[in-house]
Structure formats: C-alpha cells, structure tokens
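**Student:** Line by line, the protein sequences are chains A and B. Numbered per the numbering used here, the first sequence spans residues 593 to 684. Numbered per the numbering used here, the second sequence spans residues 89 to 453.
Hints were generated in silico from the structure; no laboratory data involved. Please note that a few of the clues may not be correct.
Facing chain B, a subset of chain A residues (Cβ under 7 Å, in silico) [stated by the list, open to error]:
1. R636
2. D640
3. R673
4. P678
5. G683
Cβ pair distances, simulated, as ranges [said to hold, decoys possible]:
6. R229(B) to G663(A): 22 to 32 Å
7. S272(B) to G663(A): 34 to 44 Å
8. G238(B) to A665(A): 24 to 34 Å
9. D432(B) to G609(A): 28 to 38 Å
Positions of the beta carbon are idealized from the N, C-alpha and C atoms, including for glycine.
Spelled out from the first residue to the last, the chains are:
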Amino acid sequence: MNALLVLPAALRASAGGNRALSTAAATVGQAIDDLAITWPQLERRLRDEQGAVRPHIRIYLETDDISDLSGLATPLSEGARVYIIPAVSGGC
Amino acid sequence: MDEAVVLIGTRKGVVVARSSRARTSWELDPLQLMMNTVYGIGIDRRRSTPRLFAGATSEHWGPSLFHSDDLGRTWSEPASAPVAFPADSGVALTRVWQIEPGPSAKPDVVYAGVEPHALFRSDDGGITFDLVEGLFNHPHRPSWVPGGGGACLHTIVPHPTDSDRMLVALSAGGVYRTADGGASWEPANRGIEAKFMPEDQRFPEFGQCVHKVAAHPSNPNRLLAQNHFGVYRSENYGTSWDPIENGLPANFGFPVLVHPGQPETAYLFPLEADVERLPPDRRCRIYRSRDAGDNWEPLARGLPQSGYHSLVLRDALCADTGDPTGIFFGTRDGDVYQSLNDGDSWELLASHLPDVLAVRAIVLA
Chain A
593 MNALLVLPAA LRASAGGNRA LSTAAATVGQ AIDDLAITWP QLERRLRDEQ GAVRPHIRIY
653 LETDDISDLS GLATPLSEGA RVYIIPAVSG GC
Chain B
89 MDEAVVLIGT RKGVVVARSS RARTSWELDP LQLMMNTVYG IGIDRRRSTP RLFAGATSEH
149 WGPSLFHSDD LGRTWSEPAS APVAFPADSG VALTRVWQIE PGPSAKPDVV YAGVEPHALF
209 RSDDGGITFD LVEGLFNHPH RPSWVPGGGG ACLHTIVPHP TDSDRMLVAL SAGGVYRTAD
269 GGASWEPANR GIEAKFMPED QRFPEFGQCV HKVAAHPSNP NRLLAQNHFG VYRSENYGTS
329 WDPIENGLPA NFGFPVLVHP GQPETAYLFP LEADVERLPP DRRCRIYRSR DAGDNWEPLA
389 RGLPQSGYHS LVLRDALCAD TGDPTGIFFG TRDGDVYQSL NDGDSWELLA SHLPDVLAVR
449 AIVLA
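Turn these sequences into a full structure, and let the hints guide you.
**Tutor:** Written out as structure tokens, the structure is:
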C-alpha cells in the first residue's frame, strides 16, 4: 500500500527536490515519523521536537483537513494523497 | 584579505553588507533566508575564516540555526535540528535569540540562548548543540516569565579567561552566573530594581527584566546593564549593581555596547519608557560614556533629529574589529548607520531593509 505526501514548493529543497514522497505508512502521523529517518530536515519543518505539528501548517487528506478527521492518527489508504499546506497566516 | 562584513538580521531574512577595510562604501548582498525572522546572529572570529551564524525562525516551518563558512555568501544547516530540546523536557524551541562564541581557550565551544528560556552549548563549533541542564533545571525556572519579546535568554557573556565562569541574562528572570562550567547557577541581580513590581517587592532575588549586559574582556568583573528601567554597572561580576544614569534623558532602552578598543567607552540608545517605547524628543540619538557610565552624552551628528519614531533593539548595536573601530546600529525601520570616529558622527550604511533586529560586524585581517 502506498500513499503520496504532496509538498509545497517551499519544502521541496528539504526533500531532495521532490514534489511528492511515497509512503507505506498506515497513518499520517506514521508517515511523518518515517520522514524523521529519510528526510529529517523536512520532518522538523512540519513538527517541533515534541511531535506537535507547527501551528501554521495545515495537512489535508484529499479534500479534508486531518484536524476534522482523526488528526495524525488519520489512516492512509492505497493511492491516497496527503497535502502539506502553509496556512493562510504567519504575519508579516 | 581586504574585506569588512556587516551581518544584519532582519524580520524577513539576513543581509550581508560588504566593504573594503576602509569601510567607506558598502554593497549589500541580496536578502537570504527569506521570510525567516533572524534575531540571533553571531560571528566566531576564532576560526581562520570566521564562521557566521543566523538563528532563523519561519512562522510556517519553525526555528533553525544556520551557519556560513564563506562570510555569508551561502548558508547551511545540518539535516537534524541543530538546536532542540530533549524529548523528555516537554519543551519545544521557539527561537534562537543569541549566538555567542565561547572563550578563546575553548575554540570549538559556542553557546546559544533561546526561547523558551534556556542555554545550549555546542562543542563542534556551532553545528550541533546540547541543552545546558544545570540552568534548565534551576528551581527558579518555573517562576521566570516572558518579557514583551518572549521568554528569551538573550544575553551570554562568557568569561574571557576562566572557561568555568559565564553570565547570562533573560527576560524576565534577570542575570544568572555560573562558576562551574554551567553545572550550577546563581542569580546576580542585587541592586537592580524591578519597577514593574509592587513597591515593596522591587528588589527581588530574581525576576528583573534585564535587557542587555555588556563587558570588556580586559576587565571582565565590570559589567554594564541596560535594564527595563535603569542602567547599571557592576564591578564584581554581578555580585552587586549600581545605577549609572547621569546625563541620560531616560533610563529605559534595549542595547548596551562596550567599545572593544576603549574599555571605559560605552553606548546606549535610550527610550522614553516602557509605555512609550520611542526616543526622547523624537530624536535619534546614541548616548556615549567615556568613563564607564559615570556620565553620558548624546551623539546626534548625521542622525535624524526630528519626528523620529524608530528604535534600536538589544542586539542591533555593535562594534567591529577594524582600525579605527566601526560602531554600527540598525533600526526597526530598516536603516543601518555606521560611525568610524567612536560615534562623533554617523553615516547611513543601508536603508529600507526589513526591521533590523540584530547587527554584527567584522574587519578581516
């Protein structure tokens, strides 16, 4: 089973230039856990060292914000697309 | 190498200004680390090619610490977090506020002061850092509170000759010092007034909001401090402090700088008050002392003298290593000024940058 993590342009340099990364993880959280090994710089862009997703990041499974599903425990299915999105916030 | 560099940390990235040793004209590199707020910058002059540091925080992607070994032309960071709290600490890094090379006897030691209140130490030249547990586990830590800028450890003053001694300042907790290499720490705030406390509690053991501390390596026992109300001097490495405000228009402000070539010369940028964080008379004036703070005089030549509403933050006043010494300051409205005559007159080095948060400078030998 493989799902796809789709990255915003600002994070591609932290993933070897890839626009998207394939994952065999069972949940969104496990997929990010795996990044700590394969792409650690990318992982720490997404979460702090206590595991909390950074406050100005939104993660969508297809068209749904995972915070409206099961958060990081949201399960992944074959072919699912997970979108990492910089929130419309962040100040100036 | 005939080169001078001014490293400028701004709200939206880092800018490097370059000149010859004469420092008569400057060119600015394009903004780097774009959309990162760069509070903590540093230059480690102990290396053959000085290593530059930039503590950068992206509102979206979090904090990191970058370094440059080519004088700011390119920046790097390790794959894993260079500065991170241990998993069992229950705390996450918000921002790197301060980067300070250790004493000359420890050429690979670099310290980082961070938010939330903590000190980190690197033993590999500033690439990776570990939490200084002795300060993090101090029984006072739960009582430290954030200042207006955050819960930051913003000042690190390593002792120049005794690598076991060091002093830090944090907002709002005050000054702490160690004599055993960071294993244990004691507050060092006697004489510093906390005017924001009730009248009968204004000289606590700790809890003061010290904004910056500066020292000269030739006399490490003498410290100058710009406090949240109050400018102070200690002659005993922080055991006690006395006010030094003669000639100042106000005693609030953020930066304090000691001239690297003249231990008795120091600089401030006074502001009216905590509820009026604007320069007195709306004039841009650096204040200088030639007698270690006993007396202060305004320096205004070349600076805006009417309708001025900007200010200089705690790390945006610095000196370089040139001859003559260059004094530099950056402002929240994006200007950087320099003086090559100890502040007698000033020239605009850069303008229209994002808010300047920190400035450091070096002249290469």
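**Student:** Against each hint, give a clear statement of whether it holds in the structure.
**Tutor:** Evaluation of the provided hints:
1. R636: Holds. Min distance 5 Å.
2. D640: 4 Å, holds
3. R673: Because about 20 Å separates R673(A) from the closest Cβ in chain B, which is outside the 7 Å limit, the hint is violated.
4. P678: Since chain B brings a Cβ to about 5 Å from P678(A), closer than 7 Å, the hint holds.
5. G683: 6 Å, holds
6. R229(B) to G663(A): 22 to 32 Å: 31 Å, holds
7. S272(B) to G663(A): 34 to 44 Å: At roughly 41 Å between Cβ atoms, G663(A) and S272(B) fall inside 34 to 44 Å, so the hint holds.
8. G238(B) to A665(A): 24 to 34 Å: Between G238(B) and A665(A), where Cβ atoms are some 32 Å apart, the hint holds.
9. D432(B) to G609(A): 28 to 38 Å: Since D432(B) and G609(A) have Cβ atoms about 52 Å apart, the given range 28 to 38 Å is violated.
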